[in-house]
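Trainee: Sequence:
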Amino acid sequence: MQRVGFLMILPLLVILLGLTMYPFGYMVYMSFFRYSLASWEKPQFIGFSNYRDILRDRTAISSIDFTVLLLAVAVPLEILLGMAIAFLLRDTFGERVFRSALLIPMMVPAVVAGIAWKMLYNFEFGPVNYFLSLLGIPKISWLGTQFFSRLGVILIDVWQWTPFVFLVLYAGLQSLPRDIVEASFVDGASGFSAFRYIEFPLLRPLLFVVLIIRVIDALKIFDIVYMVTFGGPGSSTHSYSFYIYKVGVSFGWDIGYASALSVLLLIAVMLLVNLLIRGLRLKETLEL
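For the sequence shown, our numbering gives the first residue as 143, with consecutive numbering after it.
These are computed hints drawn from the structure, not numbers from a lab.
All figures in this text were calculated on a predicted structure; none of them were measured in a lab.
One should not assume that every hint holds.
Said to hold, decoys possible - Derived pair list, reagent style BS3-like, types lysine-lysine, alpha-carbon separation capped at 27 Å: (1) Lys362 x Lys388; (2) Lys362 x Lys281; (3) Lys260 x Lys281; (4) Lys388 x Lys184; (5) Lys362 x Lys260.
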């Protein structure tokens, strides 16, 4: 029976492997070649030259810098805000209405959100500058300077993905055993103590799962950058994924160099995810 079951799923496995492993293997293979679709030349084997060129590529370094900034700023903000909103919204009046409203940013397509935020950031007529002017703050060139364009992309990412963190943690809070928390209140524990010593430890594995998902997504951010800033001004908001797109598809058509960039992105994702998983296991081991 097991052999029959394996034979029945074998065609699906072959198709799945063909659609995943072959493109991946071809990408790794092409990363060792100089191959540009714009030059009409045959691929030339150059070894690790594409990888060495990344270290000398200022735009690639800038894109790595901005991607790291997103990881360091946007992801922690999303975790903190999502957790705070989940705790504040629990057992409040109108909980269902607020919960549905908070999920709207996550449901808006990225293309629509990008166009909307580009209009919001408009220097002359954007609502953001209008409301800032009511507070006596001069107009800000949100898409014209390096600092504010990066800040603008970070704010959009926080706006879009904080609801995801909230939704997961809110569901986790709803599944926690209430009798343990209520027993701690009977024993004289405060709300903060119950959160610190009971609820947060129970939510920590779920929090790590959310963190891993958001780290992977932040490393792959592309759509908001494409729709709002297109990497500008200059290369200040080039995310790493967006730079791969520009090199391989938009301007360069350099398949070999884009493949090398993609392989490094895959390695970075694998290393960060493994470090996070090992950190969780290490913490559990120390607590035992």
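Trainee: Tell me the numbers of any earlier hints that the structure contravenes, in ascending order.
Mentor: 2
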